[in-house]
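**Student:** The primary structure of each chain is shown beneath.
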Amino acid sequence: MASLKDLRNRIASVKATQKITKAMQMVAAAKLRRAQEAAEAARPYSERMAVVLANIANAVSGTDAPPLMTGTGKDDVHLLVVCTAERGLCGSFNSQIARLAREHTRKLLSAGKTVKIICVGKKGYDILRRDYANLIIERVDLREAKQIGFAHADGVARKVISLFDAGEFDVCTLFYSQFKSVISQIPTAQQLIPAKPAAEPAAGDAVSNGGGVYEYEPDAGELLSDLIPRNIAVQVFSALLENAAGEMGAKMSAMDNATRNAGDMINKLTITYNRQRQAQITKELIEIISGAEAL
Amino acid sequence: MAEAFKFELVSPERLLVSEDVESVVVPGADGEMTVMAKHAPVMTTVQPGVVTVKTAAGKSDRYVVFGGFADILPEACTLLAESATHVDDIDREALTRRIQDAREDVSDAKNEEVRTRAEAYLAQLTTLERAILPA
Numbered sequence: 001m002a003s004l005k006d007l008r009n010r011i012a013s014v015k016a017t018q019k020i021t022k023a024m025q026m027v028a029a030a031k032l033r034r035a036q037e038a039a040e041a042a043r044p045y046s047e048r049m050a051v052v053l054a055n056i057a058n059a060v061s062g063t064d065a066p067p068l069m070t071g072t073g074k075d076d077v078h079l080l081v082v083c084t085a086e087r088g089l090c091g092s093f094n095s096q097i098a099r100l101a102r103e104h105t106r107k108l109l110s111a112g113k114t115v116k117i118i119c120v121g122k123k124g125y126d127i128l129r130r131d132y133a134n135l136i137i138e139r140v141d142l143r144e145a146k147q148i149g150f151a152h153a154d155g156v157a158r159k160v161i162s163l164f165d166a167g168e169f170d171v172c173t174l175f176y177s178q179f180k181s182v183i184s185q186i187p188t189a190q191q192l193i194p195a196k197p198a199a200e201p202a203a204g205d206a207v208s209n210g211g212g213v214y215e216y217e218p219d220a221g222e223l224l225s226d227l228i229p230r231n232i233a234v235q236v237f238s239a240l241l242e243n244a245a246g247e248m249g250a251k252m253s254a255m256d257n258a259t260r261n262a263g264d265m266i267n268k269l270t271i272t273y274n275r276q277r278q279a280q281i282t283k284e285l286i287e288i289i290s291g292a293e294a295l
Numbered sequence: 001m002a003e004a005f006k007f008e009l010v011s012p013e014r015l016l017v018s019e020d021v022e023s024v025v026v027p028g029a030d031g032e033m034t035v036m037a038k039h040a041p042v043m044t045t046v047q048p049g050v051v052t053v054k055t056a057a058g059k060s061d062r063y064v065v066f067g068g069f070a071d072i073l074p075e076a077c078t079l080l081a082e083s084a085t086h087v088d089d090i091d092r093e094a095l096t097r098r099i100q101d102a103r104e105d106v107s108d109a110k111n112e113e114v115r116t117r118a119e120a121y122l123a124q125l126t127t128l129e130r131a132i133l134p135a
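In order, the protein sequence lines correspond to chains S and H.
The first sequence: position 112 = 112 (our numbering), numbered continuously.
The second sequence: position 78 = 78 (our numbering), numbered continuously.
It is possible that part of the hints are untrue.
[To be verified] Derived list of chain S stretches under chain H, where covered just means 3 residues or more per stretch with a C-beta under 8 Å from a C-beta of chain H: (1) 32–43; (2) 49–58.
[Stated by the list, open to error] Here are a few chain S residues that face chain H, going by a calculated C-beta distance under 10 Å: (3) Glu138; (4) Phe150; (5) Ala153; (6) Tyr214; (7) Tyr216; (8) Glu217; (9) Leu223; (10) Asp226; (11) Arg230; (12) Ala233; (13) Phe237; (14) Ser238.
Just so you know, these hints were derived from the structure itself, not from any lab.
C-beta atoms are modelled at their ideal positions from N, C-alpha and C, and glycine is treated no differently.
The shape of chain S in the complex, shown without the other chains:
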C-alpha cells in the first residue's frame, strides 16, 4: 500500500495534468471557432465553383475535355493524398484517416495496382511510414502555417497536377476528415483526378440562365483547362479547412475526456488518502489507549 506521502504526491501530479488538459481544451475550443469560421467562409467559393464547372462541363463535348477531367483511360497507378493534422493529442482523429488510407492502399495493392502516397501533415506520415514507407513519394509540412491559406492548398494541387502531367499516376484520391460536428468527424476519400462527373446543375440554374447560351471567353475547352486545376486546389483547400476544424473538435473532446478522467482519478485518490489517514489516526489512538491500560 502506498504511503501517505506517495498519495499526496500522486494527487498533486494528477492535478497538474488536469490543469494542462483543461487549458488545452480551452485553446482548442477557441481555435475550433476560428477554424469553423474559416471553413464556412470558404464554402461559397467551392459551391459556386461546382455550379460553374457543371455548367461548362456540359458545354464541352467529351472529346475536347482536358485529360485532368477524363483521366488517362487507365487505372494502374493510384496517387493517394492523405491529409492529417500536424499534432497529436486529438483522440482517434489522425488514426481514423490513416486507417482509411491504409485499407484503401491494401485493397489497391492486392488488386495489383501501383500506389503512391503524398502525406500532408506530419501525423499521417508518422503512421503510414510504418507500413508503406517505400510508397510515400512526398510529404508536405504545414507545421509553420498558423492559419491555412489558399496558397498552401494551391501548392499541394500544383504538385499533384505536375505529377499528373508527367504521367506519374492515373487516378488521384484525396483523404481527409469531414467535419460533421465537434464530436463526430468522418474520414472521407474523395476522387480528385479524373474529376468525378459533376452533379447535374440544379433546375434553378437552368432557369436563371434565361435559356440563353453561354459565350465563352476564351473558348470553352481552354476555359475548362484553366478551371479544373483551380477546382483541384479548391477541393484540397476545403479538405484542409475541414481537417483543421475536425482536428480542433477532436482535440477539444479528447481533452475534455482527459480532464474528466483526471477529476475522477483525483476523487478516488483523495478517498484512499483520507481513509488511510483515518486508519493511521485510529491505529495511533489504539496504541496510546492500550499503552495506558497496560500501566
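With chain S fixed as given, assemble chain H onto it according to the hints.
**Tutor:** Chain H alone, transformed into the frame defined by chain S:
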C-alpha cells in the same frame, strides 16, 4: 438610373461582396468589360487587375483581383477570384513580391511556351501596379 443586378465577389477565403449593383468592370481575358443588368451569359477568365463596382446606392468600390473567372448571367454576376482585396487594403509589399516571383518565373522558364505565359503574367502585374500605386 440603370437597372440593378446581383453581384458577388468570392475568394477562396471568404465572400467579399454580395449586393445589388449597377455596373461592374471586370478585367476579362480579352480586355476589360463593363457588365450591366441583362448582359448576355458569358463565362470568362479574369486577369490580374482592378474590379470596379458601382453599387445600386451609387457608391463606387474598387477591388484588386489576381486571376480567377467570372460567370455572367442576365440577372447576376459571380466573380470567383483566386485572391481578392479591397483596393484600400492592398498590401504593397505582397504585390512587389508577386512581381518579383513573376520575374523569377520568366528567367527560370524552361521552354518558350512557359516563358510566354510567365511574361504575359508579369506584364499584367506591372500594369496593375501602375494602376493602383498612384491611388
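**Student:** So, for every hint listed, does it hold in this structure?
**Tutor:** So, going through the hints one by one against the coordinates:
no., hint, verdict
1, 32–43, "holds (count 3)"
2, 49–58, "holds (count 5)"
3, Glu138, "21 Å, violated"
4, Phe150, "4 Å, holds"
5, Ala153, "8 Å, holds"
6, Tyr214, "5 Å, holds"
7, Tyr216, "5 Å, holds"
8, Glu217, "4 Å, holds"
9, Leu223, "6 Å, holds"
10, Asp226, "6 Å, holds"
11, Arg230, "7 Å, holds"
12, Ala233, "8 Å, holds"
13, Phe237, "6 Å, holds"
14, Ser238, "8 Å, holds"
Figure legend: structure checked against the earlier numbered hints; the only hint not met is number 3.
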